[in-house]
Amino acid sequence: MGVIAHLRQQILDAKHYRDQWNHSKTHGGARVPADPSLETILVALDGKLPVWWQAETLDEIHRALDLSKEFGFKPVIVGGREAFKTVDRLKAEKVPVILRVNHPPKPKVPTAAEFAKKPAQERIEPLRVQQDQLDRWKKRVATAGVLNKAGVSIAFSTDGLQRSEQFLEKIRDIIAAGGFCDGDQNQESEESHEQIPGEVKDHSTARKTITDGGKAHEEVARVGDT
748 MGVIAHLRQQ
758 ILDAKHYRDQ
768 WNHSKTHGGA
778 RVPADPSLET
788 ILVALDGKLP
798 VWWQAETLDE
808 IHRALDLSKE
818 FGFKPVIVGG
828 REAFKTVDRL
838 KAEKVPVILR
848 VNHPPKPKVP
858 TAAEFAKKPA
868 QERIEPLRVQ
878 QDQLDRWKKR
888 VATAGVLNKA
898 GVSIAFSTDG
908 LQRSEQFLEK
918 IRDIIAAGGF
928 CDGDQNQESE
938 ESHEQIPGEV
948 KDHSTARKTI
958 TDGGKAHEEV
968 ARVGDT
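Counting the sequence shown from 1 gives a position; the working numbering is that position plus 747.
EDC-like, lysine to aspartate or glutamate: derived pairs with alpha carbons at most 16 angstroms apart:
1. Lys832 - Asp806
2. Lys832 - Glu803
3. Lys832 - Asp882
4. Lys855 - Glu872
5. Lys853 - Asp879
6. Lys816 - Asp793
7. Lys853 - Asp882
8. Lys838 - Asp813
9. Lys762 - Asp782
10. Lys885 - Asp920
11. Lys821 - Glu840
12. Lys855 - Asp879
13. Lys885 - Glu916
14. Lys886 - Glu803
15. Lys762 - Glu786
16. Lys832 - Glu807
17. Lys917 - Asp906
18. Lys762 - Asp793
19. Lys762 - Glu817
20. Lys855 - Asp920
21. Lys885 - Glu829
22. Lys816 - Glu840
23. Lys886 - Glu829
24. Lys855 - Glu869
Hints listed in this document are in silico derivations from the structure and should not be mistaken for laboratory results.
Based on the sequences and whatever the hints tell you, model everything.
Right, dumping it as structure tokens:
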């Protein structure tokens with residue numbers, strides 16, 4: 748709560764800063780010292796600069812949206828691990844989401860029969876716990892597809908990845924989870940083939956693939972075109 752109080756104080760300081768400048772211009776007097784930080788906040792308050800909120804959980808996302816509404820900011824959610832839980836609000840308020848693709852590898856969960864055959868020392872973690880981990884992993888990976896299907900603007904961030912090559916691995920997970928491969932989009936993409944190559948018209952859907960000719964990139968492109 749201390750962070751929120753500090754933010755509110757910064758907003759009040761920025762508004763007071765503007766009042767001081769306006770008074771100085773109108774009535775003269777001592778020149779108000781320039782403050783780039785407060786000036787940037789004023790640009791955001793005027794809606795000319797989007798505000799990026801780092802928010803992963805449902806509560807964090809709602810808090811960011813509530814504060815943006817209170818102050819008149821144009822929000823962008825960064826992280827969005829549980830954005831699928833509030834997709835309706837994100838869509839209604841037209842809030843873009845920059846998803847971090849730093850999800851862990853897919854958990855390997857044995858069947859009940861395989862689990863029963865394991866030695867006792869290898870059955871420390873209950874099977875139901877492993878299944879729950881897999882379910883949560885699937886929901887996280889499917890978030891991009893859920894947001895995309897709802898019409899929420901999304902982008903991907905490599906923040907948190909150890910190597911750049913991991914980005915393609917994570918995108919494969921997202922595509923395999925059904926992201927960007929629903930029937931309506933495929934139909935629209937096929938229709939867009941009639942356009943001039945390289946041209947994307949306003950309000951149309953198209954699939955873009957950026958490659959450097961590497962094998963891994965080709966594999967991602969093939970999966971994305973299925």
